[in-house]
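Same order as they appear, the protein sequences are chains A and W.
The first sequence: position 17 = 17 (the numbering used here), numbered continuously.
The second sequence: position 19 = 19 (the numbering used here), numbered continuously.
There may be inaccurate statements among the hints.
In this list, chains with the same sequence are indistinguishable; a pair is considered to hold if it fits within one copy or across any two.
Derived SDA-like pairs: lysine to any residue, alpha-carbon spacing no greater than 25 Å straight-line [claimed, not checked]: (1) Lys60 - Cys35; (2) Lys60 - Ala49; (3) Lys60 - Leu37; (4) Lys60 - Lys202.
Everything labelled a hint here was simulated from the structure, so no lab data went into it.
Protein chains: 2
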Amino acid sequence: MKNGRLITVEGIEGAGKSTVVGVIRDWLESRHIPCVLTREPGGTPVAEAIRQILLSPDFKESIQSETELLLMFAGRAQHISEVVAPALAAGKWVVSDRYLDASYAYQGGGRGLPFERIQWLEHWIAGACQPELTFLLDLPPAVGLARAKKRGPHDRIEQERLDFFERVRAAYLIRAGQFPDRIMVVDALQSAEEVQALLLKKLAELQETSQNF
Amino acid sequence: MKNGRLITVEGIEGAGKSTVVGVIRDWLESRHIPCVLTREPGGTPVAEAIRQILLSPDFKESIQSETELLLMFAGRAQHISEVVAPALAAGKWVVSDRYLDASYAYQGGGRGLPFERIQWLEHWIAGACQPELTFLLDLPPAVGLARAKKRGPHDRIEQERLDFFERVRAAYLIRAGQFPDRIMVVDALQSAEEVQALLLKKLAELQETSQNF
Numbered sequence: 001m002k003n004g005r006l007i008t009v010e011g012i013e014g015a016g017k018s019t020v021v022g023v024i025r026d027w028l029e030s031r032h033i034p035c036v037l038t039r040e041p042g043g044t045p046v047a048e049a050i051r052q053i054l055l056s057p058d059f060k061e062s063i064q065s066e067t068e069l070l071l072m073f074a075g076r077a078q079h080i081s082e083v084v085a086p087a088l089a090a091g092k093w094v095v096s097d098r099y100l101d102a103s104y105a106y107q108g109g110g111r112g113l114p115f116e117r118i119q120w121l122e123h124w125i126a127g128a129c130q131p132e133l134t135f136l137l138d139l140p141p142a143v144g145l146a147r148a149k150k151r152g153p154h155d156r157i158e159q160e161r162l163d164f165f166e167r168v169r170a171a172y173l174i175r176a177g178q179f180p181d182r183i184m185v186v187d188a189l190q191s192a193e194e195v196q197a198l199l200l201k202k203l204a205e206l207q208e209t210s211q212n213f
Numbered sequence: 001m002k003n004g005r006l007i008t009v010e011g012i013e014g015a016g017k018s019t020v021v022g023v024i025r026d027w028l029e030s031r032h033i034p035c036v037l038t039r040e041p042g043g044t045p046v047a048e049a050i051r052q053i054l055l056s057p058d059f060k061e062s063i064q065s066e067t068e069l070l071l072m073f074a075g076r077a078q079h080i081s082e083v084v085a086p087a088l089a090a091g092k093w094v095v096s097d098r099y100l101d102a103s104y105a106y107q108g109g110g111r112g113l114p115f116e117r118i119q120w121l122e123h124w125i126a127g128a129c130q131p132e133l134t135f136l137l138d139l140p141p142a143v144g145l146a147r148a149k150k151r152g153p154h155d156r157i158e159q160e161r162l163d164f165f166e167r168v169r170a171a172y173l174i175r176a177g178q179f180p181d182r183i184m185v186v187d188a189l190q191s192a193e194e195v196q197a198l199l200l201k202k203l204a205e206l207q208e209t210s211q212n213f
């Protein structure tokens, strides 16, 4: 059985994740590397239905932090078993717009849930489906939110206050410090060209270490 | 702060839970005891939306056991914080059609997930919101499913095979053996009158031990 590779893209709202996913996709396609682009929360019909609950601004009832974390991992269990694990087993590269680190950042840093609980869920649900490379697009939340605002109305999580996103950003950076070999922090205030150049250099390095191609 | 009491009703499909909830409600109302009737999965708008995902037979994708368990506890976290805990704090009696034991029975016994994982989630999410009295309506699954079939089309979980419900029943009975003081096993093959007489006797005992009324 061939083994694919899992690349994740992380960052707060307006950091430019979609653009970065596009750059990675173009790079993979230009090399005829079979790949799957996906996202969290979501990635399967059941997980997208869970995403609807998570992001809907319509619930008058406030969603508990514990509920939010459990919903994230419920969708993730589905996403991993239906999409990520089969694709990796088939030798494909998987690019996910947000993945495990996002739970540490949002539900850990943002909501203040203990990291140990998230870790327990991660070990259970994700097991060996760990990303090999993560691009963390970092920028001040005030800048990111201003960018995101231009795209349309905010979802439930985007409606949080600035200090929430400051905590999310800090938790992301703590993760980067804990996993320096896996997580590449990219300054998202740079121009699109500068970001792209950094990505392409890193992807080329990753491919060199690959035994599959 | 007054403390209410939490009564739960458990059992497989067609065991007569709704009838029993009605008997308890009538008994409470006749004594002018303020009560809240609720159910799991569900009990709040967010938890009912989660219930839709859990029970919908429409998802072609099969729902993973892990996803099912996490969705159950996601809804439960919401249900406890929005409904159960506030009602108990207000001195009300809460009657829930299914609660924690159902996860041990369905996701533990039925799906085969380790009881330790369910216990970890229970300690985290339910904390002190434990039922004081549980009526476990027990009957052979073949009988219960035949009864439930008359009510209309089966939901996703009701569509499981008979051996699934045999495992659910066994896990329920194991719980009853572990918590004999809390869980009262009621033979649901008895007549409605016989079941009602047992319930009323037990409820009267429970009220005698109450300091609140």
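Going through the hints against the structure:
For the homomeric pair Lys60 and Cys35, the shortest alpha-carbon distance between copies (24 Å) is at most 25 Å, but the shortest distance inside one copy (39 Å) is not. For the identical chains of this complex, Lys60 and Ala49 are neighbours both inside a copy (18 Å) and across copies (13 Å), given an alpha-carbon limit of 25 Å. When the C-alpha separation of Lys60 and Leu37 is checked against a cutoff of 25 Å, the pair qualifies only between copies, where the shortest distance is 21 Å, while the shortest distance within a copy is 33 Å. Taking CA atoms no more than 25 Å apart as the test, Lys60 paired with Lys202 passes in neither setting, with 44 Å inside one copy and 39 Å between copies.
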